[in-house]
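A.B. asks: Okay, here's what each chain looks like letter by letter:
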Amino acid sequence: MDYAGLIQILDSALRLSTPLLFACLAGLFSERAGVFDIGLEGKILASAFLSAAMAAYTGNVWLGMFAGILAALMLAAVHGVASITFRGNQLISGVAINFLASGLTVVIGEAWFGLGGRTPQLEGPARFGELTLPFANAIRDVPVIGPIYADLLSGHSILVYVALACVPLTWWILSRTRFGLRLRAVGENPAAVDTAGVSVVGLRYAAVMICGLLTGLAGAYLATALSAGFVKEMSAGRGFIALAALIFAKWRPWHALGATFLFGLLEALGNRFQSVELLGVTVPTQFMQALPYILTVVILAGFVGRAIPPRAGGEPYVKER
Amino acid sequence: MNISTKLMGAAAALALTAGAGLAQDANPGLIIDLGGKFDKSFNESAYTGAQRWAEETGADYAETELANEAQREQTMRRMAERGANPVVVLGFANASTLDVVAPDYPDTTFAIVDMVVDQPNVKSIVFSEHEGSYLVGMMAAMASETGTVSFVGGMDVPLISKFACGYAQGAKAVNPDINVIVNMTGTTPAAWNDPVKGAELTRSQIAQGSDVVFAAAGGTGIGVLQAAADEDILSIGVDSNQNYLHPGEVLTSMVKRVDNAVYDTFSQAAAGELETGISVMSLENDGVGFALDENNAELVTAEMQAAVEDAKAKIIAGEIEVHDYLSDNSCPAF
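From first to last, the protein sequence lines stand for chains V and S.
The first sequence: position 84 = 83 (numbering that gives the first Met the number 0), numbered continuously.
The second sequence: position 239 = 238 (numbering that gives the first Met the number 0), numbered continuously.
One should not assume that every hint holds.
Stated by the list, open to error - Pair ranges (Cβ atoms, derived):
no., chain 1, residue 1, chain 2, residue 2, range
1, S, 54, V, 132, 53 to 61 Å
2, S, 323, V, 283, 33 to 41 Å
3, V, 124, S, 305, 37 to 45 Å
4, V, 141, S, 304, 42 to 50 Å
5, V, 272, S, 247, 30 to 38 Å
6, V, 130, S, 274, 55 to 63 Å
7, S, 117, V, 2, 49 to 57 Å
8, V, 272, S, 270, 52 to 60 Å
9, V, 141, S, 279, 54 to 62 Å
10, S, 270, V, 73, 49 to 57 Å
11, V, 299, S, 274, 50 to 58 Å
12, S, 231, V, 130, 13 to 21 Å
13, V, 253, S, 231, 31 to 39 Å
14, S, 102, V, 80, 48 to 56 Å
No lab work stands behind these hints, which were simulated from the structure alone.
These figures come from a predicted structure and were not determined experimentally.
Ideal placement from N, C-alpha and C gives every residue a C-beta, glycine not left out.
All chains should be modelled from the sequences, with the hints used to inform the complete structure.
C.D. replies: This is the structure:
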């Protein structure tokens with residue numbers, strides 16, 4: 000494989016890992032605060048649908064994005080009410096959200112557009128265009144560095160850069176701010192936080208809503224940047240892959256970047272090399288395409304060392320009387 | 000009234016409504032396959048044919064849409080029990096189910112598109128996709144400037160390889176040195192509905208030099224055509240005429256007249272002359288072909304059109320034999 004081919008695969012990996020990165024960081028906020036969220040998938044789907052619907056209706060992708068975030072926030076609020084206020088089982092609430100999103104998007108889509116749950120194709124300003132970074136064309140011809148900058152880093156939609164910027168931002172919020180410290184504490188030992196006079200419920204709601212915001216961005220990216228419109232079930236399991244990546248990343252932001260990029264890279268490799276010759280044996284397409292899932296199984300089986308989840312994760316907080 | 004009597008009442012009411020459903024007369028039935036009624040491709044074509052029949056005759060037909068793989072048998076049986084006759088099912092994936100279901104309803108005639116089911120009350124409608132794909136492959140090779148053309152398939156099944164194989168043969172007939180990249184989206188039915196992956200595969204093929212891409216991938220193809228339009232290369236649609244999706248950027252579409260197949264089945268049944276057995280829709284009876292309209296008029300040169308019409312005549316006359324992938328599960332042009 001030549002250098003240009005390598006750049007192209009990394010480029011594809013960057014595009015494919017962006018929705019995973021958003022979703023992974025979303026799960027990170029929620030789980031660090033002690034609220035497990037397997038409803039990432041449903042929130043991504045709901046956001047993808049409403050962002051595409053709004054963008055198709057108004058012709059403005061930004062309005063679409065905000066509508067998508069709103070959809071994800073609403074589902075996040077449902078999750079919050081069920082699992083924080085009413086202390087319900089967080090896994091069940093998450094599953095319910097996934098089913099709800101999967102059904103509602105198609106039903107509402109059919110009612111609005113009559114296209115079998117699909118939204119109309121988005122064109123022009125109804126989609127996120129590609130952003131060319133400054134001087135990209137000027138230094139394209141510089142050997143080695145030129146293609147990295149001009150072809151790999153430049154030419155993505157703005158949400159890709161937002162996702163990348165979210166990584167240091169998340170790190171800074173979680174480990175350098177008072178809010179972050181409390182958020183992590185509430186996931187480890189909510190009683191201590193409560194004793195200190197800080198609202199456990201308030202912090203957990205904040206975390207769940209940040210999770211909604213980030214999954215909203217993931218969905219908007221999927222429907223209005225990566226493709227041009229909503230198709231039923233278009234999230235295609237990305238919310239679950241993001242959860243696997245989150246465990247792989249041991250609930251840390253920079254690790255999350257690495258983990259999601261690895262998943263994106265495997266998918267890109269599977270797309271590019273549908274059948275490869277290795278040591279005289281042809282590796283079948285099916286194997287290449289299954290790579291991300293094989294990795295998921297390996298990770299979940301615990302081959303990556305000890306991944307210790309937040310100690311109070313999954314448990315609703317009950318104040319001592 | 001306690002809860003159990005309430006429940007029994009509800010069950011009785013349900014049974015009554017179910018009985019009302021059974022009382023329908025013998026309208027034809029259509030089961031839309033996974034991928035959905037509005038996939039702008041295979042299923043939509045069938046739906047269009049059924050609608051045309053309904054509009055022209057003023058008659059009614061029953062229709063359901065599968066939501067997942069597990070519903071096939073249940074839906075087929077329900078359609079037959081409702082009294083729909085004939086029952087048309089779409090897609091190769093129904094074959095094994097239909098083979099089991101059909102003997103249980105000897106008075107109902109079934110029709111299956113894209114696969115052969117050997118039962119006395121089944122009409123099997125198969126298309127010569129390899130012939131249509133051969134023609135669009137020729138057009139792709141003539142339109143290509145880079146000497147590389149590509150193909151994105153949906154689910155990795157022999158039927159889709161039949162498209163790919165015809166396409167590669169057509170391209171190589173024009174330019175023996177041409178490089179044909181063949182990619183499949185996946186190995187599960189989800190591969191019919193993943194435009195994101197379709198677009199990503201297309202970009203990867205473009206990076207490998209392809210400048211004409213043929214999508215035979217149901218709903219996934221929408222992503223392929225979109226990516227091709229975004230990157231300013233030509234694309235080729237499939238099943239329905241998809242030229243209008245991106246005017247001036249879709250070279251042509253390999254049309255497969257599923258609409259005619261459904262329409263003919265419905266009207267033959269209405270006239271009482273539906274014959275079971277295998278029915279082949281080929282170039283000869285316009286069952287397959289390529290689409291020409293105002294959206295791609297500027298892309299298809301006179302030279303291209305002449306070459307393709309010539310090849311079409313030769314295929315019909317038997318002078319050119321296009322290898323059918325399904326005959327031996329291999330392709331000389333790969």
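A.B. asks: All hints, please: hold or fail.
C.D. replies: Verification of the hints:
no. : hint                         : result
1   : 54/S with 132/V: 53 to 61 Å  : 54 Å, holds
2   : 323/S with 283/V: 33 to 41 Å : 23 Å, violated
3   : 124/V with 305/S: 37 to 45 Å : 41 Å, holds
4   : 141/V with 304/S: 42 to 50 Å : 46 Å, holds
5   : 272/V with 247/S: 30 to 38 Å : 33 Å, holds
6   : 130/V with 274/S: 55 to 63 Å : 60 Å, holds
7   : 117/S with 2/V: 49 to 57 Å   : 55 Å, holds
8   : 272/V with 270/S: 52 to 60 Å : 53 Å, holds
9   : 141/V with 279/S: 54 to 62 Å : 59 Å, holds
10  : 270/S with 73/V: 49 to 57 Å  : 54 Å, holds
11  : 299/V with 274/S: 50 to 58 Å : 55 Å, holds
12  : 231/S with 130/V: 13 to 21 Å : 18 Å, holds
13  : 253/V with 231/S: 31 to 39 Å : 37 Å, holds
14  : 102/S with 80/V: 48 to 56 Å  : 53 Å, holds
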